[in-house]
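Protein sequence lines correspond, in order, to chains L and Z.
For the first sequence, the UniProt record's numbering gives the first residue as 1, with consecutive numbering after it.
For the second sequence, the UniProt record's numbering gives the first residue as 1, with consecutive numbering after it.
Quick caveat, the hints were computed from the structure, so don't treat them as lab data.
Do not take every clue at face value.
Said to hold, decoys possible - In silico DSS-like cross-links for lysine-lysine, where the CA-CA straight-line distance does not exceed 25 Å:
1. Z:251 <-> Z:196
2. L:144 <-> Z:141
3. Z:61 <-> L:127
4. L:142 <-> Z:144
5. L:142 <-> Z:83
6. Z:13 <-> L:144
7. L:166 <-> Z:94
8. Z:47 <-> L:113
9. L:144 <-> Z:165
10. Z:24 <-> L:144
11. L:113 <-> Z:61
12. L:142 <-> Z:123
13. L:135 <-> Z:91
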Amino acid sequence: MSSTEQGTSSAAPAEPTTAPESAAAPEVPESFYYVHGKDKVVHKVSAGALQHSALIHGMISNLGYTEEQAKANPFPFENIDGDILQMVVDWCNQHKGKPTPPEDTNLPKQKEKLFDLVLAVNYLEIKELLTYCCKQVAMMVKGKSPEEIREIWMIPTDAEDEAAEKEAKKRAGKEAAGETAAAAGDAK
Amino acid sequence: MKTVILYEALQKKPIFGSYRRFCKLVGNDTIDYPDFEFWYYRFYRGKTGFDYDRNADPVPKTLMDMPVSLMFKITDNLDTVEKTKLRTVNKSLKDVVDSHALGFQKINIIGSDDYLNWELNDKKFSCYKKENGCVFSTPTKRIKSYKGFIKKSLEYLTPLFKTPKIQVNHLSLTVLDQMPALDDLLPAPFHVKSVKLYAFNMNQVFPFLSALNPGELESINLEAIEALSRDQISRILETEQFKQAKHVQWKIGLNENDLLKFSHLESFKCDLTYLEPVDFQRVREIISTFEVLESCELIFYGDFDRFCIRIVARALEAEIPFGPLKTIKHLYQIPESNEYLEFEIVDDEYYCTMKIRKIR
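Take the sequences, apply the hints, and build the full model.
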C-alpha cells in the first residue's frame with residue numbers, strides 16, 4: 001500500500017510512500033504531503049487522504065506549501081510510534097474520498113497497540129477512526145465482570161492503590177531522612 | 001509455558017477464554033494477562049519465535065492512561081448496565097461513569113420470602129434462597145454464595161441505586177412478603193418519572209414512594225393485596241409525590257371526599273368504594289371542576305351484580321337504550337362553561353367502567 005522514505009535518522013532508506021492511484025486519474029494533479037513519526041520514517045500521503053485528520057488538514061491549509069516545500073518539511077509527529085503512524089496512514093489512504101463504513105473490523109486486537117492508536121488518532125483529530133477505536137476498547141470491556149476487567153487491564157483495586165501510595169510515601173520519607181542525615185554527616 | 005500460548009493462538013479461540021484455560025493448566029500466577037496477550041497476538045500473527053526480550057519494550061499503556069475525554073468517548077459505547085459494572089472497578093472509573101447521568105429506561109424488582117429478581121433495562125438478574133446461602137445469577141454468570149439472598153442482592157443493588165445522577169424512566173417494585181431490609185433500598189431523592197408499586201400491604205409502599213423525587217415523578221401506580229385502611233389512603237393522599245403527580249392509577253376504593261384530592265391530575269384510574277353508597281351525580285360534579293383533567297376512569301363494582309351499568313346510567317340520568325347493554329354514552333355540559341364531560345360507561349359483567357373525557 002505505501003512505501004517509506006528515509007528521514008534524518010538512521011532508519012532504513014526507502015522510497016517515499018505513494019498513496020494508491022485511482023484508475024481514473026484526476027485532471028488536476030493531486031498534491032502530496034509528508035509525515036513522520038518517532039522512527040523518522042517518512043510517509044508520503046495525498047492531501048485527500050490527510051483530510052481525515054483535522055490537525056494535519058489545518059496545518060496544510062495554514063502553510064500553503066508547494067510540493068517541494070512539503071517534501072523538504074515533513075510534518076513531525078515525534079509522539080507517535082512509527083508502526084502506529086503507518087496504521088493511521090494506511091487507514092487514511094484506504095478511506096480517501098469514501099464514506100466511512102459503520103464499523104471497522106481491521107483495528108488491532110492487542111490492547112497495547114489499540115491504546116497507542118487511540119492516543120495517536122485523538123492527537124491527529126481523525127474523528128471517524130477515533131469513534132471506531134473507542135468502540136473497540138468498549139467491546140473489550142463488554143460482558144466482563146469487574147474482577148475480569150481489573151485482571152485484563154491490570155487495574156489495581158482502590159485498597160491496592162492506597163497501599164501502594166502509603167508505601168511510596170513511606171519510602172520517600174525514608175529517603176528524605178537518609179539524605180538529611182547524609183547532608184548532616186557531610187557538614188560535620 | 002510459551003508452547004501452551006502458541007497452541008492456544010494457533011487454535012484462534014477468543015483470547016480471554018484461552019487465558020482462563022492457560023491459568024487452569026499452568027497456574028494462576030504464572031503470567032499476567034497483558035504478557036499472555038502480547039505472546040498470544042505475536043504467535044497469532046505468525047511470529048512463532050520464543051526468544052524475544054520484552055524488557056526493552058516501553059511500559060505498556062493501560063486503560064488508566066487514557067485522558068478523561070477519551071474515557072467519556074469509550075464509555076459512551078457501553079450500555080447503562082455495563083457502565084454500572086465499570087464504576088465498581090476502581091475510584092477513577094467510578095468518577096468517569098458518575099460524571100454523566102446514568103439513565104435506565106426501566107427497572108423492575110420483584111421480591112418475596114425466598115427470592116429477589118430484578119431487571120435493568122433488558123438485563124435480568126436473580127437471587128434465590130438456598131439451604132446454605134443463595135444462588136445469584138447475572139446475564140452472564142451464575143454464582144453460589146453462602147450469604148443470605150437479600151444480603152447478596154443488596155450488595156449489588158445498593159451501590160447501583162446510590163449512583164449519583166441515576167435516572168429511571170419507569171420503576172416497578174413488587175414486594176410480595178414482609179421485607180423490611182428493602183425499606184432503605186432507594187436513597188432519597190431518587191429520580192424516577194413513572195413508578196408502579198405493588199405490595200402485600202400498602203404500608204410497605206411508603207418507604208419507596210417517599211424516596212421518589214416529587215414533581216419529577218409524573219406517574220404513580222399503586223396496588224396492595226390487602227384492602228387499604230382509611231389511614232393508609234389519607235397518608236398517600238398527603239404525600240408530596242401524590243400532590244405533584246400528573247397521572248395516577250390506584251386500587252384504592254375511592255369515595256367522594258378522596259376524589260376531591262384528585263383535582264391536580266391530568267388523568268387517573270381508580271376503583272370506587274363498594275363499602276358505602278356512591279353518589280354518582282356528586283362524582284360527576286366534582287370531576288367537572290377539575291381544570292387540568294384530560295381523562296379518567298372509574299371502576300364501579302356495585303353489589304357485584306350484573307346490572308351495575310344500569311345503576312350508574314340511571315344515577316347520571318343518562319339515556320338508557322333498550323335491549324342488552326354493553327356501552328352507554330352520556331354527554332354532560334359543565335355548568336356555566338362550553339366544556340363537556342363525555343362519559344362512556346362500559347359493562348364488564350360484574351363491574352362497570354366509567355371512561356370520562358373532557359371535551360374543550
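### Hints violated by the structure (numbers, ascending)
Of the numbered hints given earlier, the structure breaks none, since each of them holds.
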